[in-house]
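Q: Protein chains in written order, with my numbering: chain H, 91 to 477; chain S, 6 to 643; chain R, 8 to 310; chain B, 33 to 278.
Among the clues, some could well be false.
Stated by the list, open to error - SDA-like mimics (lysine to any residue), calculated; alpha carbons at most 20 angstroms apart, straight line: (1) 210/H - 229/H; (2) 420/H - 153/H; (3) 210/H - 186/S; (4) 167/B - 180/R; (5) 574/S - 35/B; (6) 190/B - 35/B; (7) 138/S - 289/R; (8) 188/H - 54/S.
As the list claims (entries may be wrong) - What follows is a list of derived Cβ distance ranges for each label pair: (9) 108/R - 180/S: 30 to 36 angstroms; (10) 542/S - 301/H: 55 to 61 angstroms; (11) 61/B - 405/S: 45 to 51 angstroms.
No lab work stands behind these hints, which were simulated from the structure alone. Glycine residues also receive a C-beta, built at the ideal position from the N, C-alpha and C atoms.
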Amino acid sequence: MRKTVSVLLVCMLAAVLFLSGCAKKTGDTGPIQIALQAPITGDYAYEGQMAKQSVEVATELINKAGGVLGRQIAVTVVDDGSNPKDSAIAAQKAVSLKVVAVIGSYGSSVTEPAEDIYEKNKMVSVGYGCTALRLTVDKKPNYFFRTCGRDDAQGLFFAKYAVETMGAKRIAIMHDNSTFAKGVAEEAKKALQPYVDAGKCEIIYYDAVTPGEKDFSAAVTKLRNTQPDVWYYTGYYTEAGLLVRQARDAGLTCPFIGGNAAINDDFIKIAGIDVAKGCLMTQEPLVTDVTTAISEQFRTLYKEKFGDVPSSPWPVYAADALYAIVGAIKNANSIESDAIATAMHTNMTGVEGVTGAIKFTAIGDREDVPYKMYEVTADGKYVVHQQ
Amino acid sequence: MGITDNILKRIGLGKPSGDQPVTFWSKNRGWLLLAITGAVFAAYPFLPFISDYWIDVAFFVGVYALLGLSLNIVLGEVGLFDLGHTAFYAIGAYVTAILNTTLHIPIIVLLPLSALIAAGFAYLVTSPVIHLKGDYLCIVTIGIGEIVRLTMINNPFNLTGGPNGINGIGGPNLFGLAINSSTQFYFYTWIIIGVIVFGLIRLQHSRIGRAWNYIREDATAAEASGVDVRSYKLLAFVLGAAIAGMAGNIYASKQMSISPGSFTFIESSLLFCIVLLGGLGSIPGSILGAVVVVVFPEVFRQFASYRLLFFGLALMLMMIFRPGGMWPRKREGTGLDGLGIRGLPRNDEDLILLGKPDPAILKPATTAVVRGVRLPPVTVPMDEEMLLQTHGVTLKFGGLTAVNNFDLNVRTGKITSLIGPNGAGKTTLFNMITGIYKPTSGQIDFLGRDITGLKPHTIISYGIARTFQNIRLFPSLTCIENIMSGPHCHARSGTWAAVMHTVAEVREERDIVATAAYRLDEVGLWSYRNELAKNLPYGKQRYLEIARALATAPHLLILDEPSSGLNDKESEDLMVLLQSLVKEGFTLLLIEHDMQVVMGISDWVAVMDMGQKIAEGLPKDVYNNQRVIEAYLGKEDD
Amino acid sequence: MATFFEQLINGLTIGSFYALVALGYSMVFGVMKLINFAHGDLFALGSYLGYTLLIASSSWVTVHFGLWGGMAIAMLFAFSGIGLAGVLMERVAYRPVYPAGRLSLVVSALGMSIFLQNGIMAIWGARPQAYPAAVVPSTRFSLLGLPVTSLQVVILLISFTLMLAIWFIVEKTTFGAAIRATALDRSTATLMGIDVRVVIFFIFALGPALGGIAGVMNGMYYRAISFNMGWTYGLKAFTATILGGIGNIPGAMIGGLLLGLMESLFAGYVSGAWKDVFVFFILIVVLIWRPTGLLGEKTAEKV
Amino acid sequence: MATVLAIKNLVVNYGAVEALKGVDVELGEHDIVAVLGANGAGKTTLLKSISRIQSIKRGSIALKGLDLATVPAFRLAGLGIAHVPEGRHVFATLTTEENLNLGAYGVRSMPAGKELEKTKEWIFSLFPILKERRKQLAGTLSGGEQQMLAIGRGLISKPHVLLLDEPSLGLAPIIVQGIFRVIRQIHEEEGVSILLVEQNARKALGVARYGYILELGKIAIEGDASDLKNDERVRAAYLGGSKVNC
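Same shape as in the complex, but just chain H:
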């Protein structure tokens, strides 16, 4: 008796496995719903919270200008807590909210599970801080895009700059074992390989520091002893600031080049201007260097609302993601996912974001992200380095 019932029960439940449906999209009145998936809590909370502010500003600007398709837009925030598990739930939440498209998310390994879910649910998502190659290169997604650049582009830019422009022979690369920093570091190493093979330079140091720590004196002493010509650090600005200062204290004098996660006003604060001055950063153009009308408006309103422009470049890409989505909706004249995705792939004429025109490649990467070398000036500003 008991066995039969168990078997029956299991069969019943198993049968249910076949019956699963999926949700469908919303109505055509009221504001167009868009979700922002961002790390509001957790390790990258500061980036997520600034992304939220940036998107708020962009939303206000767009709505003031009449919205899109005659409707306003509204953005809901879902927090992914900077971790992959929460990201999957957050993505599913965004899907269940039946939004038109999603902005998000920040880190690559956090974005990845979300990307899969959005892709499966045929929902357009636009990442703004996830730079790992494989999100697009491996997966060739149909509904995923990103407004930020890719690790390899930055790595290549660095390699070229270091060897060809600076003529560095002994190159040190350091990262912090985070998805992002290690990604850029790996790509930089790859990009240097041809030069190494040609005997033009060598990589004399390749190691990681632990993020969240404060004392890197051991690492920089080791680094100093390798006598590098240039030192590339691809991690985040907090550690970058500490590293530069501790390196200078330890007597390491070679030029420092930071990756685009290091560029942040706090880098200068932490390192101290005496040390930060002259440090270089590989970076997409900053919002302050883009002179379009949108950029102007964005900066003004952001300053008005939050006191200062975002201290990091990534939140601006979140705003760009919103501009991209809205532009695609406009060009497609539809809020259907497929139409938006098609527009994003093929028809982005006239779509401008805070950092300029936005176009995507067939696999969803942003076209033409021009990297520039930034330099910290003596008065604590980032300007494009003039060779």
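Based on the hints, put chains S, R and B in the right spot on chain H.
A: Below, chains S, R and B without anything else, positioned relative to chain H:
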């Protein structure tokens, strides 16, 4: 059926006891409730207000319930302080990811495989550290968790994909049915949980589950009652790791990509909270804990940056207002039914009688088998009269000689007493005989076998049981459960038998409870069988401890100051009991300070001072020995 | 060789931070048998308190009392603030949970830790903050041929003085004996006329307060502070505590310094990425060899 | 004889269980009173209630007319009550000397110094072995030595009232004799009033002036020690028959 009933009873839905009329409901309560629970689970994803999001939340509740259940074995059942459980979860996930993406082994095949590898890993890393106590084990588990995570990040042999992790993991495929939607994953996961819960409940109510609890309550007493503490601790880690490995497999196949960010110390501490929030050792509690830990932050997701603030607060409040957890496991008052043992006689007298030992068992065995224990062959010339002999036993602690070249002879069927000043080394000698200490030199022979340096749980299965100077019971277990630790060392059923309820296992369980019942009755504590041991008055605790030792069916019973804390009258009652035990066929060895007892019942007395024997003989000779008077007895003033 | 000595000094500096935090862990554990997982977050809070004082007065204290004076005042401020926070924490999060046992206390401590961490984030924001350069003394000089900063020297001096002072109080004074007695047996301590509440108050004030001072020194030395920095330091300090033998005051000091040295030397000579793996590996090996830590008592359990 | 310690109608609960159900006990100046009884009768609870490490439900405990309920527990040592707990409870990882010093911790009138050293010498004269062991960790002492240390630690505060809980528990006969000798000595020479809880009824009644017998939380019998020794009920229940002869 028994177990379902017991669970229901615990949550207050059990069969009515007494003479209430039997209705359809009361008769089939267990099945009906199981069916209702099943129906609710089955219906959940199809409820109108349940979106895929909530189904996914339920899926993650499932993953965390599995992890909670797996940690509950280690932390809840055995009481091992494990704050690095995520390591096993990570191993399961990475094994799945690596083997699926490189060798394209199907996920469903990897489900048992990742469990197996996680279990093997757990065995390897925990066996050198399993002896560590409390907080020291805790930091080691944290260390293991961190080592695993950092290794994944550092990408050794290009296997783990570094901080990016691994992507492109496939979904499970059940005989042609591909699982990929949220609803399918929901059912897939919860059916697995159902199967595992079934197994875990069976384990909890077997000698294995009880052995874990004995260790949690008092590891030394457990070892002295015949539980192989080390192996059972390892078994807990291995089983826990296996289940966590499965959870890793499920997680990886749902997420399709994994990275080290999912396996941080914070995850481990969340699992810890799940077990504690639910209630230590409680299976439904662990599931409930998972519900809280997963759903709570979801409900507060819109509060964004404040949600973890609330979560932290909630954890503290929970511990303040429900310190035992939300659904603690109740042991007392559920009666013998609560033990989940089948095939017991209907009334108490029959049960007690069933446990009456075969007198042949209590005779010192010249044969090679005693109650299922295969004894090693006789290695020393066997003296029918001498049960135990120590030859020149010496123990040195650093420079201090605690026991010096001591010869002790214990005659079969007699009461031998060891007396001597405090600190003379008597208890140390006992600890050597029972295997807690290993002698520096000398030999201990028992039943014609050299038992020097064997583990306590081995020695006890040969037939030497003991009690402790300071009573050591399993305080939060019932009296009958306490005594059921006695026959443990003679039982043979393993994990699989316990889960499957094999015929031999059922018979063994019945024998265990019957033996315990008989001994409990013998020391007059039958009416206390369902009380927690800690609630017994001191004197009764002494008797309970003696009953526990007797339940191991020993040939030699070693009692360390049994009359300590008893007044003269109570000591006399004790003497009566001890003498009756000798009549039953046991041999007794005592340490005692109460001369009334020593002189009253001993057949032979040995006197120890500063680790050495200063006298031995018949009680009255020893009592009048000048050296003994000087060193130990003194002269009465009055 | 010069590099070796440099790494040695680096290791000592980071080790002295670990040791100060570990000391608080050990003191609280010794008396309460409680692993205060929120201890690291109190350290972070201390950093923020010092930062706020120096910023809020727009360096007023620095301007009026000089760099060192400002530093001293910030440290005193954090010391008393965190001392108070420690006592409050005991009242709110631990005292009501004592009867429930040690495991429940761990959960409460984890809850407190999450609460504090996110509380700091709610007050000071998620962005890391930096101690302004203007308030940090940064004279550099050469000591025995090694380049050191005056701040480094002062930090080492203060840390060692504090450690010695605590060691003296606990091991050599009658009150210290009272603390140790309370740790062993609370009700018998009461019979001796020891006011257990005073001891607990003292422990929960002083232990975290040491962390508060370490927090300010840490902020000054590295300048950057973030709301989640407590986790890392908490975990490292806990490791140090266990390494030395938990509940043992000199053990915590030695454990902390040793941990700093190991990290520094391994990162300096082998690999930064594998540093923590190495540290935990060594810890496990030490525990296999000495199950109660380096200075833990080797007494067998009495049965 | 003037009353030093007066306990009236003492009721103590452990959860729902009443451990003491209205107990009256008196201890006079320069007096030894024994409290006997079976396990779980409430003897230890009585002593713990006096020194306030056990909270009481009802009743009063007065030291020379001072209601002890108004005084925090840790002050009692300073008021002249010393409690030597059951099971010795020496501080195992402190040295013998540190243990002794702590005994005087609650006594403000005894600053560390000459006075303390003098009292310590007196303790050493009572228990010479402790002097040999003064630098040794208390946990490494033998059971008998620990009991001596526990008593010495109680005496070092020069108490008026000494509460002794099971001083003979688990000790060799020769040690028990020694301890009872010291009990008698401090009573006779120093005039300390002693409330003695014992299992060993024979010994306790041998040294006490007056005795109480507790049964299930109530005083069942009380009377002069000499009378109790010959009381039939006491003999049957507590002294045991003389089935054993040696």
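Q: Check each numbered hint against the structure and report the violated ones by number, ascending.
A: 5, 9
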